[in-house]
Amino acid sequence: MTRWPLRSRREWTELRELRYIIGGPQGGGLETTSEILSWAFARSGYGVISDREYFSNIKGRHSYIHATVSGAEVPYHLSYPVDVIAAMDAESVFSHIGDIRDGGYLIYNSDEGQSRFNAIPSMERELRDRLAAFMKAESLDGTLASVVKYLSDARRVNAIGLSYRDLLDQLQKKESVEAAQASRYISTILSGAMAALSGVSRESIEFSMRRRFRQDEIYRANMTMFDIVSSLVESKHGSPLKLEGSTLSLRKMLVASGNDTVAMAKAVAGLRFQSYYPITPAADESFTLEEYERLAGDGPTMLVYQLEDELAVINAAIGAALAGVRSAAATSGPGFDLMVEGLGWAGMNEVPVVVTYYQRGGPSTGQPTRGAQSDLLSSVFASHGEYPRVVLASGDHVEAFYDTIDAFNYAEQFQVPVIHLVDKFLANTIATFPIPDLSSVKINRGAVIKEKVPGYKRFDFTYPVSPRAPLGTNVMWYTGDEHDEYGHISEDSENRVKIMEKRMGKLEVMEKEIPEERRYSYFGDERPDLILVGWGFVKGVATKAVSELRASGKKVGYLHIRTFVPFPSRTIGSVAKDVGADRLVAVEHNYEAQAAVLTAANTGITIGKKIVKFTGRPMYANELEEAVMRVMKGENRVVLEYGA
Amino acid sequence: MTRWPLRSRREWTELRELRYIIGGPQGGGLETTSEILSWAFARSGYGVISDREYFSNIKGRHSYIHATVSGAEVPYHLSYPVDVIAAMDAESVFSHIGDIRDGGYLIYNSDEGQSRFNAIPSMERELRDRLAAFMKAESLDGTLASVVKYLSDARRVNAIGLSYRDLLDQLQKKESVEAAQASRYISTILSGAMAALSGVSRESIEFSMRRRFRQDEIYRANMTMFDIVSSLVESKHGSPLKLEGSTLSLRKMLVASGNDTVAMAKAVAGLRFQSYYPITPAADESFTLEEYERLAGDGPTMLVYQLEDELAVINAAIGAALAGVRSAAATSGPGFDLMVEGLGWAGMNEVPVVVTYYQRGGPSTGQPTRGAQSDLLSSVFASHGEYPRVVLASGDHVEAFYDTIDAFNYAEQFQVPVIHLVDKFLANTIATFPIPDLSSVKINRGAVIKEKVPGYKRFDFTYPVSPRAPLGTNVMWYTGDEHDEYGHISEDSENRVKIMEKRMGKLEVMEKEIPEERRYSYFGDERPDLILVGWGFVKGVATKAVSELRASGKKVGYLHIRTFVPFPSRTIGSVAKDVGADRLVAVEHNYEAQAAVLTAANTGITIGKKIVKFTGRPMYANELEEAVMRVMKGENRVVLEYGA
Amino acid sequence: MALKQLTPASYRSDVWNDWCPGCGNFGIVAAMTQAFAELGLAPESTVVVSGIGCSGKTPHFLNVEGIHTLHGRSLPYAEGIRLANPNLTVVVNAGDGDLLGIGVGHFVSLGRRNIDMTVIMHDNTVYGLTKGQAAPTLGRGLQPKALPKPNIQDAINPIALALASGYTFIARGYTSRVKHLKEIIKQAIEHKGSAFIDVLQPCVTYDNIHTVEYYNKRVYDLQEVEKWDPVVKSQEEAPQKMAQAMLKAYEGGDRIPIGVFYVNPNVPTYEERLNERLKTYSQMPPAAQEIDRAGVPLIGNEGFERIFSKYVVTVG
Amino acid sequence: MALKQLTPASYRSDVWNDWCPGCGNFGIVAAMTQAFAELGLAPESTVVVSGIGCSGKTPHFLNVEGIHTLHGRSLPYAEGIRLANPNLTVVVNAGDGDLLGIGVGHFVSLGRRNIDMTVIMHDNTVYGLTKGQAAPTLGRGLQPKALPKPNIQDAINPIALALASGYTFIARGYTSRVKHLKEIIKQAIEHKGSAFIDVLQPCVTYDNIHTVEYYNKRVYDLQEVEKWDPVVKSQEEAPQKMAQAMLKAYEGGDRIPIGVFYVNPNVPTYEERLNERLKTYSQMPPAAQEIDRAGVPLIGNEGFERIFSKYVVTVG
Ligand SMILES: Cc1ncc(C[n+]2csc(CCOP(=O)(O)OP(=O)(O)O)c2C)c(N)n1
Ligand SMILES: Cc1ncc(C[n+]2csc(CCOP(=O)(O)OP(=O)(O)O)c2C)c(N)n1
Ligand code: SF4
Ligand code: SF4
Ligand SMILES: [Mg+2]
Ligand SMILES: [Mg+2]
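Residue numbers (this note's numbering), protein chains in the order written: chain A, 5 to 648; chain B, 5 to 648; chain C, 49 to 364; chain D, 49 to 364.
Isolated chain A, as found in the complex (with noise of 0.2 Å):
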């Protein structure tokens, strides 16, 4: 959270990464905005994270984009301060005040110089009343002129003010834009600031346009629109953002939101059933799915089912894996409330069915576009009763693509349901990174049988995973109810202690064969004094952390849990023995910690030293490095906050 009075951390002392943020109204255009500079950078040779912050609101509310690019590494860390803020209106600058480094650049609006902060009715109450303090402390009269002029003085801020209308009206004169649609081209404004500043060739620039305006009248408004500001930047403050060449010497990339990594995975590991109610942040998994149902123009194909409720789109994605076809159902924690019941008949009967559980700000509905891991506990032990289920977290886009194909192959192998957690930041963080080369992937199917067995006993008793044979094979029953190896309802003692142990034996079996290193990685010290225990998008800003702390001498690492079900028990423990249990740092996105609650319930390991940071936003960089630190000065529990 944005405290008051903000100190900037960073000077531009060096330029292997830049950090801007782009704010403006919900609706208002400015993800086109990091779109073009996003692709225009991944033209250029450049790493790019950009995480996107919103509102649950349609259009008006202050939303941002905060991004970090870098051809030193490919980036997976966001980081305060930014070097730059584009800001498409005056909400925009009041809300990141503090969020500029010293000597940093803001674009603005110098129409709207006489804006005050209190009289945007947007803005929520909270940072209304700590802006007026801000304001108080300052001596400043509450304009946005007023703050703009502070941040000149005391922060050494370069300030570009640029009447936007001006720049809309020698647009319309240059091109046959209507006055109704000219404030479309704010968006280009910013970019052509934004490129202008960091130097971004032209030719990346139109790359980038081309790709997202194929009309062709509008392309070429917005390269009109785009050259205006971006010489008029130019000839004013030259690049002084300009990035060093890139070193990452990748040909090609894809740059993907995780939502959309998600989808493409799934239709590598054959997918060909989702269904799906909408919910945010896991429908647009399900809109991309949609739009490639088609895969391949009369080949295979996807069907994308849209239904009443979750209780439904659990049931029925069930139902399709009876079939034999590799079924999903994407969600949130509220739709995954729903599903509770339905995943325990899949348990029950040894479905191979995958949900991918997009985490956000709980409980209730409670954030419900802000990003959290708060759901791991929840989908641990969702469901009464006792069943075998497979739970796998992913870190970035690229652990979420192959954790996606795994997924699958795990449904299969074990006849158990999957839930494959990720999260909002995941979900909307466009990222850059290599193609996967999926000539390494395989596909894994399990015992599966296709023809017709005298006989067939859907549960044979022989091994915890029996042959599995699609309905329309052979004739079988299912039931929820406890059976017997037919699927037949059975009450029997002697019965349902045999297909209990069948059951819940296959988490033995998934003991043996998922390999202990496929639970987690490490980075970091090979004997460290601390190490931070985390999961999910925690990844990023961990490894981050722990590089740049290495750098300074500190002797960390990041141990990063890949699956839960089943846990990484054994390493845990070596790690515990070996470095000590009180230098185990639990760094997660929630209150409680949960990952080290279930490091708990698996080892008898207690974490008693968390990071954690529950306020939707994710943890940056400077943040966790600086939390690290106060650790290793003794503090048991450190809440993050910052972020707007």
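Warning: the hint list may mix true and false statements.
In the DSS-like style, the derived pairs of lysine-lysine whose C-alpha atoms are separated by at most 25 Å in a straight line are [said to hold, decoys possible]:
1. Lys506/B x Lys140/A
2. Lys289/D x Lys275/C
3. Lys234/C x Lys275/C
No wet-lab data here; the hints were simulated from the structure.
Start from chain A and add chains B, C and D with the ligands according to the hints.
This is chains B, C and D with the ligands only, laid out in the frame that chain A set:
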């Protein structure tokens, strides 16, 4: 599970405790037999506990009552072998061949001598297979007669064959009973024979019959049947199973099922709204509440509301709670799964609502009429995101009574949802226990505001528990979205941290205000070598096993967990320190030992030794004792299986 | 308690309304506040319950008791509130996805109860807050802006479904006719039983088909139809009046009727049924009852044994 | 694949049927097995899906693919199965509590899709397996055996609700008229689209009101009514035929119509709609598609870049 061949382990050396089984087809009247006997024993000053085992079936499948009667203690355990089996039909004899002690008594229908086990359609395949093996091994021809002969010869069982047809004929001669109605009196044939053998006084039977049969003629006909049978049996066999006189010295007792006990407690607690959707074994509680809806004439009433599903049930209960009334829902696993989302809303909005959770065999529909304790983890972690709740678990009828009242008090004191875990064992077990002394019962409604307060803030941040005003008194807002003090949506980071800390701060308040002693109880040796750790219905059998083992010189104890949130961490911590964690043995009605998982999660203490039962039948004192001995000899996991 | 000095403005909260400029929802809030003012409802005893969606935010913009619940679950909350305290006026604002998609089970079930409350459905043919997917009210083959493909499911007819479910007051309003809508809301609130209002609510952001222009051209008031009489005089007449309303509900061509489709005052409310059963329900509903005297439960040892005598055995 | 040698007995499993002696459910199994035999359905490609309740046990007594799902959820399972593999014949057996209580949301929603399947409702006015509580089909004021008080909720009219929901084949059968029921089941299975059959099924254990005697006195066959024509000839005629069926559904007095109420063959099935969208759906539904070649995904590096070219940037 009844494995073959069977040997019985107990001789009738003492008359301190009588154990019996009454068996018959579901819907055939065995509950009447049981009720008559239980009330007659109670009337004579004995304590009774009787468990009912039945299929998920309306008519025809084998059902039985298994009881313990004692005058030396109020019994809360069941054990094998039993002293008498009273069988309505041949299937009941076949089903319980192994359950009777050497020298015990068997009451059966001699008309059915030629019935063959493999001609009984209602018998499950698995049992039939085991019986076939048994018949072969013992060279029996499969008829009831051959089994009776075997029991008499090989097991010295006193087989009392009665021609039920003749007896009913005799009755019809004496009383005007229609032929079609005659079979209804089979239940009284059994009570007559049982009463004779156990020497229950006729006065007690009269009392019990009067209570059961309000209509004069029916009462008379039953007494006639009773007299015919009891004099017949007594004249031939005497009263060999007459118990020692009771030393309980209770003047009055309650005789009630767990369902009814909870219902009575809810009435005392001031419940005013209960919503439900029928589900076994929870629904009987709601029917009892409905029966007593007009508590005391024109005074207070309880509104019992049947809805269309459990989604509606929980949310309607929450609605009623917002209006300021004590409100609850009662359900079982599948229903609870559907309540998960609503529960999260209640947590987010700090709503005092109680869910009485009757556990049954899972996962999924599972064993809907059988007992289990396998919903602990799923209830402690139910719903996405993080919010405080209280989770209580009752071990017997007396605990269930007081826990029910505490549940409402805690709900309002902390303004959280409270989950009260009971189970099918408790729900359907009829037990005798002292009438609760209500003069010690307190109603704690927590901080309530009934007058109009200017600028009322429902979620005032001052303290984790904010004064709660019922709807109708002050304008306020509630929302499942993260909110400010007024209940309006807020996405601000600073507000988020504050309100999360306020809400989650309740965990600390609870930690302080629910004393450690309230969270557990301990029975047994003061310096034990071994401690059983259990919860719920395990209590009765574990305390019995502990006292038997102590009587034979073992130093053992039983630690009973009564609250899971908050958890008795301090006690378990110090016990583990004193006795050694490796001397703790989890004793639970589930596969994983879920309380042990929570123990590890809460304290880091790993309970590596486990005695579990998950067949849906209760643990029996004899098998638990034996299992404890096995653990003492080094086994780490013992799976109990006994019981038809 | 009618406080006559209340104006529509008294029913507005100070929360900024973040609906899209031009959204039909504004018309609903306007009509509600006017209706509340004209009925003189006390803010503390008026409860507005909503689900999740753009529509779900309604309570925050109003200065009455506001309960913003879960997606699809507004009705059970409202039922629990109303039955616990029947002195409260309960109005539900739900989205069409909310009420006829995820919540349609509760919608149908409320009809069986006829609990005295008003259900206002924001019928915008899309899932507004999740960005414009097809709601259950969207016709097959239509493709508003945000849909990647034309809608593949048929629309539900809200009026027909309400009829089959048993609602005893069924009407349709339109957000651009605020006065008309206000009158309907007043009638619905004053009706004794479950009242349903289908409100045509253009979503200016995602629904480029059902625009204000679209509706303006098609909408007409049933009450202007000659001899239109939606009121059931006696229960026997009900099926006939339902069939008549049903035909109107499915009226084809380019005509969309608004106004009152069906009113049946002959079905007892759930509250009346409860009172018959509990005898004291009306005077002493749950929320009006005490449960203790200074922390001591109302039921003491003696009362307990009397009430639950069935379970008590005296050893003898 | 019609195997003509199949008899009704071929469709019975060897599981002991533990319904109460005399239960109406036996008539449903009899009618189903006869219908299956006459249609010559292959057991492996016939799927019977049920919910939870006495009715829910139906699949275990049949020798076809049997899916005994969750209370209220039979329809979504059936939908997933059928859409994944439209070569399967899908029949749902659901209780009235199952389908019109906890599952009524799915019931209404299926109507919007017209997926080609048959839904048989065991209408016994009670919750059988939980021991006789009021089902949503039980009339207000009635008090069958197990109810402590007369029923306080109104009954839902299944036919009216099916009409409003959009089912394209709607009929009623009666378990004591097995042949009649069999014929209806056959028609329903052969109908292209979502077919709903309300089966009057006396619960001999808990429903002492709606007994065989009760129904025998009241039941009559619609098809014997002069000029009864339930078939919609063209879509414009639909509202009129719906209104006609609705009036029959609410017929008062002591007359209970059975037979076919409404048939609308003019609405495309969901499968047809899907085929229009996916082009290859009929020939290559999901279950018929391969996803790998010997463990290698169908989509390789090259295909991936082609299909998802939108996401690929070539550094340049
Ligand atoms: C259980 C659950 N599933 C999905 C969502 C996501 N969700 C939020 S609003 C909404 C749809 C809103 O549409 P509608 O009910 O028509 O209301 P509108 O926004 O159009 O007013 C959905 C699906 C949710 N909040 N809860
Ligand atoms: C979620 C859930 N709630 C409650 C139940 C308990 N339950 C089992 S069967 C049944 C009712 C069955 O009634 P109906 O659907 O009419 O079927 P019938 O037994 O009459 O055929 C209920 C409520 C359940 N299994 N699952
Ligand atoms: S998205 Fe549509 S319904 Fe929602 S506020 Fe905007 S215009 Fe209104
Ligand atoms: S309870 Fe009723 S419906 Fe169930 S099997 Fe018995 S008679 Fe049939
Ligand atoms: Mg909508
Ligand atoms: Mg039923």
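Hint-by-hint comparison with the structure:
no., hint, verdict
1, Lys506/B x Lys140/A, "29 Å, violated"
2, Lys289/D x Lys275/C, "23 Å, holds"
3, Lys234/C x Lys275/C, "23 Å, holds"
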